[in-house]
Amino acid sequence: MPKQRAKSDLPTKVCPVCQRPFTWRKKWADCWDEVKYCSDRCRRHRQQSL
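Residues in the sequence shown are numbered from 1 upward in steps of one, following the working numbering.
Since the hints were made in silico from the structure, they are not lab data.
Keep in mind that the hints are not guaranteed to be accurate.
The list that follows gives simulated cross-link-like pairs (lysine-lysine, DSS-like), each with its CA atoms no further than 27 Å apart [claimed, not checked]:
1. Lys27 - Lys3
2. Lys13 - Lys36
3. Lys26 - Lys36
4. Lys13 - Lys3
5. Lys7 - Lys36
6. Lys7 - Lys26
7. Lys27 - Lys13
8. Lys7 - Lys27
9. Lys26 - Lys3
10. Lys26 - Lys13
My request is simple: use the sequences and hints to build the entire structure.
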């Protein structure tokens, strides 16, 4: 059985819209470098903050 990673060891980024930190999710495993926003809501509202 593989060792599990502690949640505190996962990579994090800061959302440019809401300025909140968000952590790596398994569904982002293939595209983590491309992920910029913490949620669909922030992605939709990105124009208002820029």
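Take the C-alpha atoms of Lys26 and Lys36, compute the straight-line distance between them, and say whether it is at most 27 Å.
-> Between Lys26 and Lys36 the Cα gap is close to 15 Å, so the pair holds against 27 Å.
27 Å Cα cutoff - pair Lys7, Lys27 | holds (15 Å)
Are the Cα atoms of Lys26 and Lys13 separated by 27 Å or less?
-> Between Lys26 and Lys13 the Cα gap is close to 15 Å, so the pair holds against 27 Å.
Taking 27 Å as the top limit, are the C-alpha atoms of Lys26 and Lys3 close enough?
-> Distance ~16 Å between Lys26 and Lys3 Cα, so the pair holds.
Are Lys13 and Lys36 close enough, with their CA atoms no more than 27 Å apart?
-> Between Lys13 and Lys36 the Cα gap is close to 8 Å, so the pair holds against 27 Å.
For the pair we were handed, Lys27 and Lys3, check the Cα-Cα distance against 27 Å.
-> Holds. Lys27 to Lys3 sits at ~19 Å (cutoff 27 Å).
Please work out if Lys7 and Lys36 have their alpha carbons no farther apart than 27 Å.
-> Between Lys7 and Lys36 the Cα gap is close to 20 Å, so the pair holds against 27 Å.
Holds or violated: Lys13 with Lys3, Cα cutoff 27 Å?
-> holds (24 Å)
Given hint Lys13 paired with Lys27 - CA-CA distance at most 27 Å = holds (15 Å)
Is Lys7 close enough to Lys26, meaning Cα to Cα at most 27 Å?
-> holds (12 Å)
Against the hints set out earlier in the document, no violation occurs for any number.
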